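Trainee: Working from the sequences, and respecting the hints, build out all of it.
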Amino acid sequence: MTDLLPDLESQLERYGALLRDELARSVPAVALDRRHASLPRLVLAAAVIVFVALVGAAVVVSRPSRPAGRTPTTRPTSTSTTIAPGQPLLHSSPGCDRAWGGLASPPHPSPSSPSRSRHR
Amino acid sequence: MVGDQTTATTGDFVAFVARERPRLEAVLLAHYGTELGREAAADALAHAWEHWDRVATMENPVGYLYRVAQSSTRRHLRGRRKVQLPAVPTELATTIDPRLPEALAQLSRQQRVAVVLVHALGWTYEEAATAMEISVSTLRNHLARGTDRLRDLLGADDD
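So the sequences go chain by chain: L and E. Residue 1061 in this note's numbering sits at position 120 of the first sequence; the count goes up by one each step and never skips. Residue 64 in this note's numbering sits at position 60 of the second sequence; the count goes up by one each step and never skips.
Check each hint, because a few of them may be wrong.
So the derived list for chain E, only partly shown, Cβ under 7 Å to chain L, looks like this [claimed, not checked]:
#1 90
#2 99
#3 100
#4 101
#5 104
#6 123
#7 125
#8 154
Since the hints were made in silico from the structure, they are not lab data. Remember, predicted model here, so these are calculated numbers, not experimental data. We treat Cβ as the ideally placed atom computed from N, Cα and C, and that holds for glycine.
Mentor: In structure tokens:
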């Protein structure tokens, strides 16, 4: 039997060349080729993404709109460019009063004084 | 700064894969066969990337990843326990017994890895023992039993 060993080793050496060829054909980006093993992780990642998206959407939807009587955080400034000269700056409507925090509305500007800073 | 660290980490890992992947794939191909060995190697390298901080400092990362691959691959073994190794082409049938892949597949996993790494791929005893995380004497035992078993399997019809 021992005389078979050299033959066996020789065959194994030649077979090793086949194995090297097989190894050389490995997928280059083998680390990214997850296939079966990656499926649970991909599902988990997708579930996390969906969960975060749903939570984000829920937060946006449930965010309370500005209450009707709530004071705005900033007052309109005189630098606003949306008000044309001569246009009334503020109206004495109830909503406008609320916008001023329940205080009396500022006086209406006269046509000759379009700039609101003069009324301050 | 963080970007530089990330780039350096990625570069280290790419170098690690280029350096160690052939050895890892060789061990896993010998252990599991062609298809499952590749999958196991992919899983092991993905694990290495996920735990790169730890793997990068290991003295024997291939041995560690070999163990990781064995753990992660166990669940895939159900239903395909047979090891598939490359067949011998007909033009080489005069120099390699066509039954050799089948005979290798019938060895125990440790015996097959030892025989393939040392006798087929030409690794030293130390290299093979380190990759398998066993002692050289244990490797010698696997080699002796593996070659004896191969002789029995291949020589039965020759006699």
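Trainee: Taking the hints in turn, state whether each one holds.
Mentor: Hints and how they fare:
1. 90: This hint holds: residue 90 of chain E lies near chain L, its Cβ roughly 5 Å from the closest one there, short of 7 Å.
2. 99: holds (5 Å)
3. 100: holds (5 Å)
4. 101: Holds: closest Cβ of chain L sits about 6 Å from residue 101 of chain E, inside 7 Å.
5. 104: holds (6 Å)
6. 123: holds (4 Å)
7. 125: Holds: closest Cβ of chain L sits about 5 Å from residue 125 of chain E, inside 7 Å.
8. 154: This interface hint holds because 6 Å falls under the 7 Å limit.
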